[in-house]
Amino acid sequence: MTTTIAKTGSVDAMELLTVHLRIKRYNPEVDTKPHWEEFEVQQKASDTVLNALHNIKWTVDGTLSFRRSCAHGVCGSDAMVINGENKLSCVNLISDVGTDLVIEPIRGLPVIKDLIVDMEPFFAQYRSVIPYLIAEDDPGYKERYQSQEDRARYDDTTKCILCACCTTSCPVYWANGEYVGPAAIVNAHRFIFDSRDQGTERRLDILNQKSGVWRCRTSFNCTEACPRGIKVTQAIEEVKRAILYDRV
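Residue numbers for the sequence shown follow UniProt numbering, so the first one is 1 and each next one is one higher.
Simulated from the structure, these hints should not be mistaken for lab results. Quantities reported herein were computed from a predicted structural model and do not represent experimental measurements. Where is the CB? At the ideal position from N, CA and C, for every residue including glycine. Don't take each hint at face value.
[Stated by the list, open to error] Each computed DSSO-like pair below joins lysine-lysine, with the alpha-carbon atoms no more than 30 Å apart:
1. K24 - K113
2. K24 - K57
3. K33 - K159
4. K142 - K44
5. K142 - K159
6. K57 - K113
7. K44 - K57
8. K33 - K113
9. K231 - K210
10. K113 - K142
11. K159 - K210
12. K231 - K159
13. K44 - K24
14. K57 - K33
15. K240 - K210
[Claimed, not checked] FRET-style restraints, in silico, Cβ to Cβ:
16. R22 - S147: 46 to 54 Å
17. S65 - K142: 48 to 56 Å
18. R241 - E178: 20 to 28 Å
19. T63 - D137: 50 to 58 Å
20. E120 - A175: 14 to 22 Å
21. E178 - P139: 34 to 42 Å
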């Protein structure tokens, strides 16, 4: 049972708390299947889950493996399942998630070791939607101008940090790895609705395939999982409408 702390002001921000972590581990060199290991560390309420994982790795078990880089919610590298939900460990405080934590690797991608998954299938799907500006005309010595209104049309989907939280929270993706996934669609949306881009038809053709947007069952898992608050399901529906009604 997860204990909620600090929000009521009943716990001193500097007080050390005992945090219990149950972590799903797998080392392909010695394990035939994943198993669970439990740890207890002392943390402040203001510490992040990543702080607790660092504490374990640096003082308890140096073999614990996980990804992290910026530790500020920008790089997206430390996505994992925390108490059943996809989250970034670097931005979730102990005060928010509690002192009893169950941590697993994100689902739907092959586990390399412990909390590290193979991201290559995810990035291959991302690359498949041509996630870059296509503008074949020569702008000469001027910029490619765009109005504030045109920029606002796709502003939400520029926030993606490719953490894979949305894609690996999708039950369709778990069942069918051929599905391009929410993150790829979000990044296609960012250019489909960019008034400067000339590759819209190519992207819509890609997403109109059986592995594209029509696999989505509108469960909203992706929207709930996004650490940047992107309206992922809405973006997917807008791409569907663009395919059906040519409304870009």
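A quick look at each hint next to the structure:
For the hint pairing K24 with K113, the CA-to-CA distance comes to about 10 Å; that is within 30 Å, so the pair holds. About 14 Å separates the Cα atoms of K24 and K57, which keeps this hinted pair within 30 Å; it holds. Between the alpha carbons of K33 and K159 the distance comes to roughly 36 Å, so the proposed pair goes past 30 Å and is violated. This hinted pair does not check out: K142 and K44 have alpha carbons roughly 53 Å apart, beyond 30 Å.
Using a Cα cut-off of 30 Å, the hinted pair K142 and K159 holds, with the two alpha carbons roughly 26 Å apart. Using a Cα cut-off of 30 Å, the hinted pair K57 and K113 holds, with the two alpha carbons roughly 14 Å apart. As the CA atoms of K44 and K57 are separated by approximately 17 Å, the hinted pair is consistent with the 30 Å bound. Using a Cα cut-off of 30 Å, the hinted pair K33 and K113 holds, with the two alpha carbons roughly 11 Å apart.
A C-alpha spacing of about 23 Å is found between K231 and K210, which places the hinted pair at or below 30 Å, so the restraint holds. Using a Cα cut-off of 30 Å, the hinted pair K113 and K142 is violated, with the two alpha carbons roughly 49 Å apart. Distance restraint check for K159 and K210: the Cα-Cα separation of roughly 27 Å lies within the 30 Å cut-off, and the hinted pair is therefore satisfied. Note on K231 and K159: the hinted pairing holds, with a Cα-Cα distance of about 10 Å set against a maximum of 30 Å.
Distance restraint check for K44 and K24: the Cα-Cα separation of roughly 23 Å lies within the 30 Å cut-off, and the hinted pair is therefore satisfied. Distance hint between K57 and K33 is fulfilled; the C-alpha atoms sit about 22 Å from each other, no more than 30 Å. Between K240 and K210, the direct Cα distance comes to roughly 13 Å. Compliance with the 30 Å bound is thereby established for this hinted pair. Distance hint for R22 and S147: a CB-CB separation of about 52 Å, consistent with the stated range 46 to 54 Å.
Checked against the hint of 48 to 56 Å, the C-beta distance between S65 and K142 comes to roughly 49 Å, which is consistent with it. Between R241 and E178 the C-beta distance comes to about 23 Å, which sits within the given range of 20 to 28 Å. Between T63 and D137 the C-beta distance comes to about 55 Å, which sits within the given range of 50 to 58 Å. For the pair E120 and A175, the beta carbons lie near 20 Å from each other, so the given range of 14 to 22 Å is met.
In this structure, E178 and P139 meet the distance hint of 34 to 42 Å, their C-beta atoms being roughly 38 Å apart.
Of the numbered hints listed earlier, those contradicted by the structure are 3, 4, 10.
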